[in-house]
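Enquirer: The hints should help you fit chain B onto chain A, whose structure is shown.
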Amino acid sequence: MTLPRADGLTLQNPAPAADTLDTSLWVGPPTLGRNGVAVAPRAVTKGAGYRSYEVHQRMRVQQSTEKLNPLRLVSPEFARDPYPTFEILRENYPCYRDWIGNSYWISRYDDVTSVFVDDANFETRPKLWFYGDDAFGRDLRSELPVLFSQAAQMDRHAIPVAHALIDGFASDGHADLAIAFAARYPLELLARVLDIPAQDFDLFVQHYWTMQRGWDWDPEAERDGRQAMRDFANYFRPLLEARRREPGEDMISAIATLDLPDGPATAEDVVATLLEGDHETLHGGLANLWFLLLTHPDQLDRVVKERRLVRFAWLETLRHSAPVLTARRFARHEVERFGFLLPEGALVVSAAGAANRDPRIFAEPHRFIVERKDLCPREPRGQYRADGLPAGIAFGLGKPSRFPALPEDRPRSLYALTRDTAVAASNVLLDRLTHLRLSAGAAPTIRSLRLGDMHSCWSLPVTFGAV
Amino acid sequence: MTQACPFAQTLERTARGDADRSAAEFPLMPVGQACDMGRAADGTPLIDPRVFDSAEFFRNPYPYYRIMRDHYPVFRDKLHNCYYVTRYDDITRCYFDDEGFNTIPKGSSSGVLGNTQLELSGIEHKRRRNLYGQHLVGQSLEARIPIIERLADSMISAWDDLAAEGTIVCDQGGVRTVEIGRAFANEFPISVVCGVLGFPEEARGQFYYWYNSMMSGLGGSETQKMGLEARQDLEDYVQGMVEERRVRPTYLYDRDGKAVGKDVISKLCETKIDGDYLSTEEITSNIALVVGGGGETTRGAIMNMWYLLLQHGDQSGRVLADERLWDMVFHETLRHSTPIGGQPRHNSFDIVMHGQRVPAGSLMNMVDVSANHDERIFKDPERFDVFRPDLYTGKLLRSGFASQGRHSHMAFGVGPHLCPGAWIAHQEATIGSRVLSRRMKNPRIRVDRMPKDVDGISLAPVGLGSVRELWLDYDLA
Numbered sequence: 005m006t007l008p009r010a011d012g013l014t015l016q017n018p019a020p021a022a023d024t025l026d027t028s029l030w031v032g033p034p035t036l037g038r039n040g041v042a043v044a045p046r047a048v049t050k051g052a053g054y055r056s057y058e059v060h061q062r063m064r065v066q067q068s069t070e071k072l073n074p075l076r077l078v079s080p081e082f083a084r085d086p087y088p089t090f091e092i093l094r095e096n097y098p099c100y101r102d103w104i105g106n107s108y109w110i111s112r113y114d115d116v117t118s119v120f121v122d123d124a125n126f127e128t129r130p131k132l133w134f135y136g137d138d139a140f141g142r143d144l145r146s147e148l149p150v151l152f153s154q155a156a157q158m159d160r161h162a163i164p165v166a167h168a169l170i171d172g173f174a175s176d177g178h179a180d181l182a183i184a185f186a187a188r189y190p191l192e193l194l195a196r197v198l199d200i201p202a203q204d205f206d207l208f209v210q211h212y213w214t215m216q217r218g219w220d221w222d223p224e225a226e227r228d229g230r231q232a233m234r235d236f237a238n239y240f241r242p243l244l245e246a247r248r249r250e251p252g253e254d255m256i257s258a259i260a261t262l263d264l265p266d267g268p269a270t271a272e273d274v275v276a277t278l279l280e281g282d283h284e285t286l287h288g289g290l291a292n293l294w295f296l297l298l299t300h301p302d303q304l305d306r307v308v309k310e311r312r313l314v315r316f317a318w319l320e321t322l323r324h325s326a327p328v329l330t331a332r333r334f335a336r337h338e339v340e341r342f343g344f345l346l347p348e349g350a351l352v353v354s355a356a357g358a359a360n361r362d363p364r365i366f367a368e369p370h371r372f373i374v375e376r377k378d379l380c381p382r383e384p385r386g387q388y389r390a391d392g393l394p395a396g397i398a399f400g401l402g403k404p405s406r407f408p409a410l411p412e413d414r415p416r417s418l419y420a421l422t423r424d425t426a427v428a429a430s431n432v433l434l435d436r437l438t439h440l441r442l443s444a445g446a447a448p449t450i451r452s453l454r455l456g457d458m459h460s461c462w463s464l465p466v467t468f469g470a471v
Numbered sequence: 240m241t242q243a244c245p246f247a248q249t250l251e252r253t254a255r256g257d258a259d260r261s262a263a264e265f266p267l268m269p270v271g272q273a274c275d276m277g278r279a280a281d282g283t284p285l286i287d288p289r290v291f292d293s294a295e296f297f298r299n300p301y302p303y304y305r306i307m308r309d310h311y312p313v314f315r316d317k318l319h320n321c322y323y324v325t326r327y328d329d330i331t332r333c334y335f336d337d338e339g340f341n342t343i344p345k346g347s348s349s350g351v352l353g354n355t356q357l358e359l360s361g362i363e364h365k366r367r368r369n370l371y372g373q374h375l376v377g378q379s380l381e382a383r384i385p386i387i388e389r390l391a392d393s394m395i396s397a398w399d400d401l402a403a404e405g406t407i408v409c410d411q412g413g414v415r416t417v418e419i420g421r422a423f424a425n426e427f428p429i430s431v432v433c434g435v436l437g438f439p440e441e442a443r444g445q446f447y448y449w450y451n452s453m454m455s456g457l458g459g460s461e462t463q464k465m466g467l468e469a470r471q472d473l474e475d476y477v478q479g480m481v482e483e484r485r486v487r488p489t490y491l492y493d494r495d496g497k498a499v500g501k502d503v504i505s506k507l508c509e510t511k512i513d514g515d516y517l518s519t520e521e522i523t524s525n526i527a528l529v530v531g532g533g534g535e536t537t538r539g540a541i542m543n544m545w546y547l548l549l550q551h552g553d554q555s556g557r558v559l560a561d562e563r564l565w566d567m568v569f570h571e572t573l574r575h576s577t578p579i580g581g582q583p584r585h586n587s588f589d590i591v592m593h594g595q596r597v598p599a600g601s602l603m604n605m606v607d608v609s610a611n612h613d614e615r616i617f618k619d620p621e622r623f624d625v626f627r628p629d630l631y632t633g634k635l636l637r638s639g640f641a642s643q644g645r646h647s648h649m650a651f652g653v654g655p656h657l658c659p660g661a662w663i664a665h666q667e668a669t670i671g672s673r674v675l676s677r678r679m680k681n682p683r684i685r686v687d688r689m690p691k692d693v694d695g696i697s698l699a700p701v702g703l704g705s706v707r708e709l710w711l712d713y714d715l716a
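Chains as they are written, first to last, in the working numbering: chain A, 5 to 471; chain B, 240 to 716.
One-sided excerpt, in silico: chain A residues whose CB lies under 7 angstroms from chain B: (1) 70; (2) 224; (3) 227; (4) 349; (5) 351.
Below, computed lysine to aspartate or glutamate pairings styled on DMTMM-like, alpha-carbon distance capped at 25 angstroms: (6) 317/B - 127/A; (7) 317/B - 272/A; (8) 317/B - 220/A; (9) 634/B - 561/B; (10) 317/B - 228/A; (11) 464/B - 91/A.
No lab work stands behind these hints, which were simulated from the structure alone. Here the structure is a predicted model, which means the values were calculated and not measured. Glycine included, each C-beta is placed from N, C-alpha and C at the ideal position.
Next up, chain B with everything else stripped away, as it sits in the complex:
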């Protein structure tokens, strides 16, 4: 007699279903639609946490974040052992609560970037932040604007030589095709950083390599070693430089050869905290942070600005006719597609948020890109609209900005850890774009050279991060 196993079916179904699911990638969906991950008994869509590692999520994250905002404002991800906070108001509250949501070093960046103010809290953070921050705003920044402009101009002038090579810049029939990334955006921000820090011209190539290695090492993957080594090399290099400038400070000069002030490293060398000079190690770590923060993010902003704007012909027409509007393009781009997804925090206490219990010490990811698409704040958030009436486009404030129906975007965070480079990044991106728009006549996207979406026709969405390559055509005459 064969006795049927009462759960053989369960077993088989489980085996079959799971085999299918682990083999199947998450399907690539039309942008704006989430794939089906099952539903709760009451019809609420479920989120399969494996989606966060998928290609689909990377290119099309917003519908998933919308499910989380609507149904799981604090989403518990047991596969990645973390929580996601996705609504604008919640994130703002958490960012301001420096004590309840701390920044002590548990993030993957700590190895590569070193000890930076990203991971300090309270008074220690405040003291150091102001030290570095002051060099990136106000008068110190104003003094650098001509340098930034000159740099952009000279990079674009170099395109004529590049056109002879015909790889990233090529001319044909009065039309010049240029890959904005390699020809401009990749190196422009990092050159500005080099200038601000006062690195010698001849070291910039090396510097650029270190920077790239550090960026690719941030994720804590197999490239992390490369990042750590680059970090060490940079540190050795900067250490020598710091020790030299402690004795012989260097100065920045304006167009007329007049000294406008000391460079940041020289200034830091003579800065004291509590009567003590900053250690070389400390200066180095924070320079590494400036390198990381000031390079990749600004590159992404410039790329995304041009990519998104040129896909909206009506808006690009107005912007190209009036270069004051680039500030609005900058803010709307950072709202619509920020290169940085969010910031980690760890809750210092056992808390309950939106009914979700979170034990002390848990990793809580503040999803800035989701806050920027929170329909509670921004109407029709998936739409790119430079002239959006509900977005504040003035200078970013630490306290954030929310009044008269306008909110600031969350790309730089708010509160004590508001990106200290926000203002210089803004200047770099808008000055760079203005110079580009002056020099390029009738710019448009060279569609056939751009990566396509899954349908093979429309341009790929930005998704998380930023566009890697951007091919533009413009008229030479």
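Isolated chain A (complex conformation):
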């Protein structure tokens, strides 16, 4: 059985093969899940309110939850340091029913990764759905020309952007790495990848930042985010037309010249594409990497002496202090997992931050060890177990790629791209700045600024000599 793919290609190897699936209960043709797995069409839900008493009996077997008040999961202390709470969850409640947040928390490594790869049972909902505006635009991130352009432009600009940023503060002898480097680098790079005119950079950053902050629960941020999306679309409209007439190598040109089945890309599609992607892992990952290296001087010394370790430091950072701590998945239909009957539409909060410190998987999980022997040195996709080793889970928020694992006709995965970019930028930093250390009296921390936000270091004052 072959299934058409959204990009017009044909998927030759759907897994599991369709003829081994029991299709007798399907009510229509199968749809294609986001990673190429055939997904059963939604069963007719008419009468779903009717339950036999027997099904109902199973819900009786319930755990008590006295070790963790669900209010703690929305408290400011959780936003500051979630790891103690994660530990309570992971060690006591493999699946914690959070009555206040109306969700199920999954916190063990094997469970979290099993949810991430289970595209047939759990779906990711796009940020536009959280904005309540699915029809705003199309997410074109997975179109091949866009992916190719993004990879080429990131490769091209990764090192020059890092140099340009460091030029700005190298002669000062001190800087705030979190603000001047980690926060700024991904946006500068993105602006180059999109080829945003230099004079528009401030505006671009403002809109982008506001839009990315707005999709979650905060109503004021949501209001501002909606406005930013509209303004952003108005900004991109002439730019998109210009690039359609005279395409360059940048990502907007790639979007402008796409041949899409339902008409050429609009400015709203550009905004939707930017919204669904995000800079958080690169921003938070860089900030946390340098926070961890600077607060572990022995590890920093080793990395300075042996540059091949930068890459391992990055991977270990994403395990030890992933910036995105939880990812939301929704049950596509009623499914029995983790001892619970998860109803259709149930919100499953997969706590990657808890899984990354699961002592069942990682020895001494709270320690930051650059040359960790039990960490997979490949892309941190969570489900990877190359050489039998687990990877840290950091990219939980992005939906899984719908492309096969090792194709020849697609660029490096976004995970690898981000890793290579972060490593390149960090190497430039090490090349340019010597005797890098925390400023006297500085006591940097990692925290979320707002409940549910990225968990990252927001201020990292350092002193250095310059080459």
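Expert: Using the frame of chain A, we list chain B on its own:
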């Protein structure tokens, strides 16, 4: 050269603003006013979903519900992953649509109360509901009214002994001060339930403890374990009792020692569905529900009735002079301040309501207390008025009541899941209050012992739930 970060300001503002907001509790506002949570571009007030966990919301919920009714009739709360339906007409429609808004067990009560008819739908619900429901209305109830009255009388007579202890009842200068909660309302409804179920007198203390534990475990918090254990103990106890009564049914007796009928458990033991006797497990779960539903809610109703009525001297004067009016007090209290905030439903299909898309399986909270304050239905809804012309005060009907400008309140819901205990709760609360009003001369609130509102002067508002303590003074002579 220092290169200014173009969004350093944004970053700093964000960091500063968010730090402030998470540290700050929501300010306690004057009752009836919502705190400022920002406004949309067109001036519409915004709702910060964190307010639902705040102390401010618990004591002063109505202005927030009004914003929701006026601007977000189906409010999407992304922090708590649910939706709130707040208008009277919408809630009524949803309650009647048993298929579109189902009750399958996803609520926090399911662990503690067990499998109950709260969480059944369709034919299964209908069959069981009628089984239990029939014991709480009509002739079966009429037969119990003398027992209820006698119970209330004996509890009040016991105050004379309590006065000697001087804690919850104390006498001074011809005035008796009594805390109605501990001295009456806490135990009265649960004793009635015990009587209806035919629990032996000596087991009531234990029973009362189980009941309290189950109630505090309902929220799904750290006390849930206590609730689950109490539930298990109750179940073990009732199970033995059920098995015994299958063989030897027990009877209720009236004042003259004449058997008026079997108690509910004995009746359930001989009931069949589709030719099969009910399982012990099934009987137990629903007894647990009767315990939960029949105790706390009625306690809250009695407390709120007296608290609200005595704060309105003109109305209390008329009611205390004419005890038939207690039915109206009951209904207006349940409209104005219901002890139960609302009921959860889950939509079976993808729907769009008032422009809000709701995917199938979402938790939709039907906010009964908001329906009761819907100014589209009740004029000047924040005002407590026993003689309100737009409130129906007759016997609650499953179909609800709406005619000639009168609507029933939503405290018992409507439709297939209308509270089966509505009528017995009504009887308990009004009979209890009548007996109280006969025995207390010139009752008034003992203001200095009552919790105060934020200003430190006026009495605390009821808010969500019910008053925990109610100190009254009355003249002994």
